[in-house]
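Read top to bottom, the protein sequences are chains D and Z. Quick note on the working numbering: the first sequence kicks off at 4 and runs consecutively. Quick note on the working numbering: the second sequence kicks off at 41 and runs consecutively.
Worth flagging that the hints you see were computed from the coordinates, not collected in a lab. No experiment lies behind these values; they were computed from the predicted model shown. Hints may contain errors.
Computed cross-link-like contacts, EDC-like style, restricted to lysine to aspartate or glutamate with a CA-CA straight-line distance of at most 20 angstroms [said to hold, decoys possible]: (1) Z/Lys74 with Z/Glu135; (2) D/Lys5 with D/Asp153; (3) Z/Lys62 with D/Glu90; (4) Z/Lys106 with D/Glu125; (5) D/Lys120 with Z/Glu164; (6) Z/Lys177 with Z/Asp118; (7) Z/Lys177 with Z/Asp48; (8) Z/Lys162 with Z/Glu65; (9) Z/Lys162 with Z/Glu135; (10) D/Lys89 with Z/Glu65; (11) Z/Lys88 with Z/Asp48; (12) Z/Lys160 with D/Glu123; (13) Z/Lys62 with D/Glu84; (14) D/Lys5 with D/Glu15.
Far from chain D, some chain Z residues (derived; all Cβ distances over 10 angstroms) [as the list claims (entries may be wrong)]: (15) Lys62; (16) Asn75; (17) Ile76; (18) Tyr121; (19) Thr130; (20) Glu132; (21) Ser133; (22) Leu142; (23) Gly145; (24) Ile154; (25) Glu161; (26) Ser172.
C-beta: ideal position from N, C-alpha, C; glycine also.
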Amino acid sequence: MKPISPQDIDAERAEISKVVSDGVVETFNSMFGQSITAGDLAQKIHSEKGSVYASIKLHQANVDVEFCFRFDIGLLLQAAELIFTKEYLANNPVQNDIACEIANIVCSKVKAYLNEKGFETEMGFPFIPRPDENPLLKNTEQVHMHFYYDDLQQARGIGVVVNFFAGDSKPA
Amino acid sequence: MTAVNIPDLRVLLVDDNVVVRKLIEMQLVNMGFKNIDSANNSNEAQEKISVAAYDIVFLDWNMPGKSGYTLMQEYREDRQYDHIAFVMVTAESQERYTREALKAGATMYITKPIAPATFKEKIERVLAWIESNRASKTG
Numbered sequence: 004m005k006p007i008s009p010q011d012i013d014a015e016r017a018e019i020s021k022v023v024s025d026g027v028v029e030t031f032n033s034m035f036g037q038s039i040t041a042g043d044l045a046q047k048i049h050s051e052k053g054s055v056y057a058s059i060k061l062h063q064a065n066v067d068v069e070f071c072f073r074f075d076i077g078l079l080l081q082a083a084e085l086i087f088t089k090e091y092l093a094n095n096p097v098q099n100d101i102a103c104e105i106a107n108i109v110c111s112k113v114k115a116y117l118n119e120k121g122f123e124t125e126m127g128f129p130f131i132p133r134p135d136e137n138p139l140l141k142n143t144e145q146v147h148m149h150f151y152y153d154d155l156q157q158a159r160g161i162g163v164v165v166n167f168f169a170g171d172s173k174p175a
Numbered sequence: 041m042t043a044v045n046i047p048d049l050r051v052l053l054v055d056d057n058v059v060v061r062k063l064i065e066m067q068l069v070n071m072g073f074k075n076i077d078s079a080n081n082s083n084e085a086q087e088k089i090s091v092a093a094y095d096i097v098f099l100d101w102n103m104p105g106k107s108g109y110t111l112m113q114e115y116r117e118d119r120q121y122d123h124i125a126f127v128m129v130t131a132e133s134q135e136r137y138t139r140e141a142l143k144a145g146a147t148m149y150i151t152k153p154i155a156p157a158t159f160k161e162k163i164e165r166v167l168a169w170i171e172s173n174r175a176s177k178t179g
């Protein structure tokens, strides 16, 4: 097992980003039949609908690689309405469940990629961070992975934003 | 196709994520399954398995509390549950996890995200396992 360092993650950033990008597109398509595309930040954001955040950590020794996902609520509602009735959703919001499951699947692919490179990691459970716990997405200039979708009015906007960062482990 | 009568089979879906349970349920219903229960964690699953005779149990490998993998290992140590087909469902795509699950007694291993065509093909193999298992017990 090779020890992992933040420098290793930076060196693999382009490849990890590709794994994440392919994983997000494949997961939305396979699970919900939704078509989303990776792109740059030059398009408008569906910010008026609100967002759901999900985070997950890959861990080895004293290093954490944390992934933070921000989902447009409109995209998650589209997905939810494909599998649940509106009556069910009125009493049982499932946006957090969808967000966590997508983060879980995508980060499992990253874990597999790192393992192929000799970096064995443990993956934690996905979690919904508190509003003050998602600094990874605050500086949008440092975020390079954006995914677009068409909402029900056929307006194109950002549906998913992902960023990741490696650093020393913090106590849970 | 198998001689197993799908509507008669009892299925338990064990996953802490309601979305995953619903997606699997929808695909099973499309295949003709009618008796489908669900459990949110391993403890709830154990309670249900203790009072109902399930033919197929879908288990999420990683769940808070007792993992699906551990739960399956426990049942595989008890021969009275030999008839249950355990289907491990996980996002872990590495080959070694598949080998580990099958070695520990899983009947099938399904990787998320679950593609409908792959799911159907794997469930047909589970049905063939059930048929073969029943034949070996009666023959």
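Hints and how they fare:
Of the pairs offered as hints, the one joining Z/Lys74 and Z/Glu135 is violated, with about 32 angstroms between alpha carbons and a cut-off of 20 angstroms exceeded. At roughly 42 angstroms between alpha-carbon atoms, D/Lys5 and D/Asp153 are farther apart than 20 angstroms, so this suggested pair is violated. Restraint check: the Cα-Cα separation between Z/Lys62 and D/Glu90 comes to about 15 angstroms, which is no more than 20 angstroms; the hinted pair holds. Among the hinted pairs, Z/Lys106 with D/Glu125 is consistent with the structure: their alpha-carbon atoms are about 17 angstroms apart, no more than 20 angstroms.
Pair hint D/Lys120 plus Z/Glu164 does not hold up; C-alpha atoms about 35 angstroms apart against a cutoff of 20 angstroms. A hinted pair counts as satisfied when its Cα atoms are at most 20 angstroms apart, and Z/Lys177 with Z/Asp118 qualifies at roughly 16 angstroms. Using a Cα cut-off of 20 angstroms, the hinted pair Z/Lys177 and Z/Asp48 holds, with the two alpha carbons roughly 19 angstroms apart. A distance of roughly 15 angstroms separates the Cα atoms of Z/Lys162 and Z/Glu65; the hinted pair therefore holds under the 20 angstroms criterion.
Distance check on the hinted pair: Z/Lys162 and Z/Glu135 sit about 16 angstroms apart at the alpha-carbon level, within 20 angstroms; holds. Taking the CA atoms of D/Lys89 and Z/Glu65, the gap is near 18 angstroms; set against the 20 angstroms cutoff, the hint holds. For the hint pairing Z/Lys88 with Z/Asp48, the CA-to-CA distance comes to about 17 angstroms; that is within 20 angstroms, so the pair holds. In summary, the hint linking Z/Lys160 to D/Glu123 is not supported, as the alpha carbons are separated by about 32 angstroms, beyond the 20 angstroms threshold.
A distance of roughly 12 angstroms separates the Cα atoms of Z/Lys62 and D/Glu84; the hinted pair therefore holds under the 20 angstroms criterion. Proposed proximity of D/Lys5 and D/Glu15 is supported: the alpha carbons are some 14 angstroms apart, at most 20 angstroms. A Cβ of chain D approaches the Cβ of Z/Lys62 within 10 angstroms, the least distance being about 5 angstroms, so the stated non-interface status is violated. Consistency note on Z/Asn75: stated as away from chain D, and its beta-carbon is indeed over 10 angstroms from all of that chain's, at 20 angstroms minimum.
With 10 angstroms as the threshold on Cβ separation, the claim that Z/Ile76 sits away from chain D holds: the shortest Cβ distance comes to roughly 14 angstroms. Remark: the non-interface label on Z/Tyr121 is consistent with the geometry, its nearest Cβ contact in chain D lying 27 angstroms away (cut-off 10 angstroms). Residue-level check failed: Z/Thr130 sits 8 angstroms from the nearest beta carbon of chain D, not beyond 10 angstroms. Not every Cβ of chain D is farther than 10 angstroms from the Cβ of Z/Glu132; the closest lies at roughly 6 angstroms, contradicting the non-interface assignment.
Against chain D, the non-interface label of Z/Ser133 is violated: not every CB pair exceeds 10 angstroms, the least being about 5 angstroms. Against chain D, the non-interface label of Z/Leu142 holds: every CB pair exceeds 10 angstroms, the least being about 18 angstroms. Every CB of chain D lies more than 10 angstroms from the CB of Z/Gly145, the least distance being 22 angstroms, so the non-interface label holds. Distance to chain D contradicts Z/Ile154 as a non-interface residue, since its nearest Cβ pair spans about 7 angstroms, not more than 10 angstroms.
The beta carbon of Z/Glu161 is kept farther than 10 angstroms from every beta carbon of chain D, the shortest such distance being approximately 15 angstroms. For Z/Ser172, the condition that its CB be more than 10 angstroms from all CB atoms of chain D holds, with the nearest at approximately 30 angstroms.
Figure legend: structure checked against the earlier numbered hints; hints not met, in rising order: 1, 2, 5, 12, 15, 19, 20, 21 and 24.
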